[in-house]
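Can you build the whole structure from these sequences, using the hints too?
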Amino acid sequence: MALVTAGVVVLDCVEPENLAAFYKHLLEAEETDASANRVEIRGADGVRLAFRRDVTATPPSWPRPENSLQVHLDFLVEDLDEAERRVIGLGGRPIETKDAAGPFEERGYADPAGHSFTLRCSRPTAPKQG
-3 MALVTAGVVV
7 LDCVEPENLA
17 AFYKHLLEAE
27 ETDASANRVE
37 IRGADGVRLA
47 FRRDVTATPP
57 SWPRPENSLQ
67 VHLDFLVEDL
77 DEAERRVIGL
87 GGRPIETKDA
97 AGPFEERGYA
107 DPAGHSFTLR
117 CSRPTAPKQG
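Residue numbering for the sequence shown follows the numbering used here, beginning at -3 and increasing consecutively.
Hints are not guaranteed to be accurate.
Claimed, not checked - For each label pair, taking beta carbons as the anchor points, the in silico distance ranges come out as:
#, residue 1, residue 2, range
1, 118, 31, 28 to 38 Å
2, 118, 50, 24 to 34 Å
3, 87, 43, 13 to 23 Å
4, 50, 78, 29 to 39 Å
5, 51, 72, 25 to 35 Å
6, 85, 13, 15 to 25 Å
7, 14, 39, 11 to 21 Å
8, 90, 14, 11 to 21 Å
9, 76, 51, 32 to 42 Å
10, 26, 3, 12 to 22 Å
Quick caveat, the hints were computed from the structure, so don't treat them as lab data.
Cβ coordinates follow ideal geometry from the N, Cα and C atoms, glycine included.
If you want it as C-alpha cells, here you go:
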C-alpha cells in the first residue's frame, strides 16, 4: 500500500463557491464535498480540485514578477477556440503571453479569482510560421 496517495490541488481564494462553480462548468465536473470554507470538485476524468476560503488571498500577478506564479493548471482540449469561448463565457479572461514554441498550441487564461491556467491542444499542430 502506498504511503502517500494522490491528493487534491487546492486554490486559495476569497469566494470558493464562485470559483468552484467556474471550474465545475469548465470541466463538466461534480461537487464532491463542501463546507463553509472549502468546496471540492471532481471532473469526469478524475481530476480533483478544491477551493479554500482565504479572505486575504490576492491573485497571482503572472507574468509580472511581483506576487508571480503561485500555481498553474494545464487543461487538454480538442478545440482551443471552443474552449476559449467557454472560459470567457464563464468569467475567465485571456492573459497576454508570448506564443509558445513547440508542437502544441496553447493559450493562457486567468480564472475569475486571478489564478492562471493554460488550455493546450491535445493534438500536435503545424509549426507556427514567422
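Hint by hint, here is what the structure shows:
1. 118 with 31: 28 to 38 Å: holds, 34 Å
2. 118 with 50: 24 to 34 Å: holds, 33 Å
3. 87 with 43: 13 to 23 Å: holds, 20 Å
4. 50 with 78: 29 to 39 Å: holds, 32 Å
5. 51 with 72: 25 to 35 Å: holds, 33 Å
6. 85 with 13: 15 to 25 Å: Cβ of residue 85 to Cβ of residue 13: about 19 Å, so the range 15 to 25 Å holds.
7. 14 with 39: 11 to 21 Å: 18 Å Cβ-Cβ, so the 11 to 21 Å window holds.
8. 90 with 14: 11 to 21 Å: Since residue 90 and residue 14 have Cβ atoms about 20 Å apart, the given range 11 to 21 Å holds.
9. 76 with 51: 32 to 42 Å: holds, 35 Å
10. 26 with 3: 12 to 22 Å: holds, 18 Å
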